[in-house]
Amino acid sequence: MFDTLFRKTALVNLDLADQSELGALAEAAKQAAKAFKLDETALHASMLASEAQGAQFAGDQAVIVYASSDALKAPRTLLLTLAEPVAWGSGEGAHAVSQLVILAMPGDHSEEEKQAVLTRIRRNASATLRGGGSS
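FYI, the numbering for the sequence shown is 1088 to 1222, going by my numbering.
Simulated from the structure, these hints should not be mistaken for lab results.
Bear in mind the structure is a predicted one, so any value in this text is a computation, not a measurement.
One thing to keep in mind: the hints can contain errors.
Listed below are the simulated DSSO-like cross-link pairs for lysine-lysine, each with C-alpha atoms no more than 30 angstroms apart in a straight line [unchecked claim]:
no., residue 1, residue 2
1, Lys1121, Lys1160
2, Lys1160, Lys1201
3, Lys1160, Lys1117
4, Lys1201, Lys1121
5, Lys1201, Lys1124
6, Lys1117, Lys1201
7, Lys1124, Lys1160
Build the full structure now, drawing on both the sequences and the hints.
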């Protein structure tokens, strides 16, 4: 689904030990740190800070987990699929999430660049859910 966003997108299937949003974020940081060759602690802190500002959903079952790192020269994505859905958020805004799209951007990116990539991810997710493929 997200393979056309950037040249290298990884796919990992996960069976979480901790079936919670925080458990999923911790595992996402671990997997992304390995895939992108970044510091896990710094990546996890960036993800938590981003989620504290509000979740970014792409469709009903996917959440975009955002992080930034000065060690990156270009945006990177990682699609994590979960063996069992995780409740993301609380109350009426909660979603049963089965996919995490990790978006890691260079530390010097602008807010406009971030929003453009988020829009592209959402558009590709919507096209896939409609069965139309991605552009």
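Quiz item: Holds or violated: Lys1124 with Lys1160, Cα cutoff 30 angstroms?
Solution: Holds, at about 12 angstroms.
Quiz prompt | Hint consistency between Lys1121 and Lys1160 [alpha-carbon to alpha-carbon, up to 30 angstroms] | solution = 17 angstroms, holds
Quiz item: Is it true that the CA of Lys1117 sits at most 30 angstroms from the CA of Lys1201?
Solution: 22 angstroms, holds
Exercise. Could you grab the alpha-carbon distance between Lys1201 and Lys1124 and see if it respects the 30 angstroms cut-off?
Key: 21 angstroms, holds
Self-check item: Hint consistency between Lys1160 and Lys1117 [alpha-carbon to alpha-carbon, up to 30 angstroms]
Solution: 20 angstroms, holds
Exercise. Take the C-alpha atoms of Lys1160 and Lys1201, compute the straight-line distance between them, and say whether it is at most 30 angstroms.
Key: Cα-Cα ~14 angstroms, so holds.
Quiz item: Taking 30 angstroms as the top limit, are the C-alpha atoms of Lys1201 and Lys1121 close enough?
Solution: 22 angstroms, holds
Comparing the model with each earlier hint shows no violations; every hint is respected.
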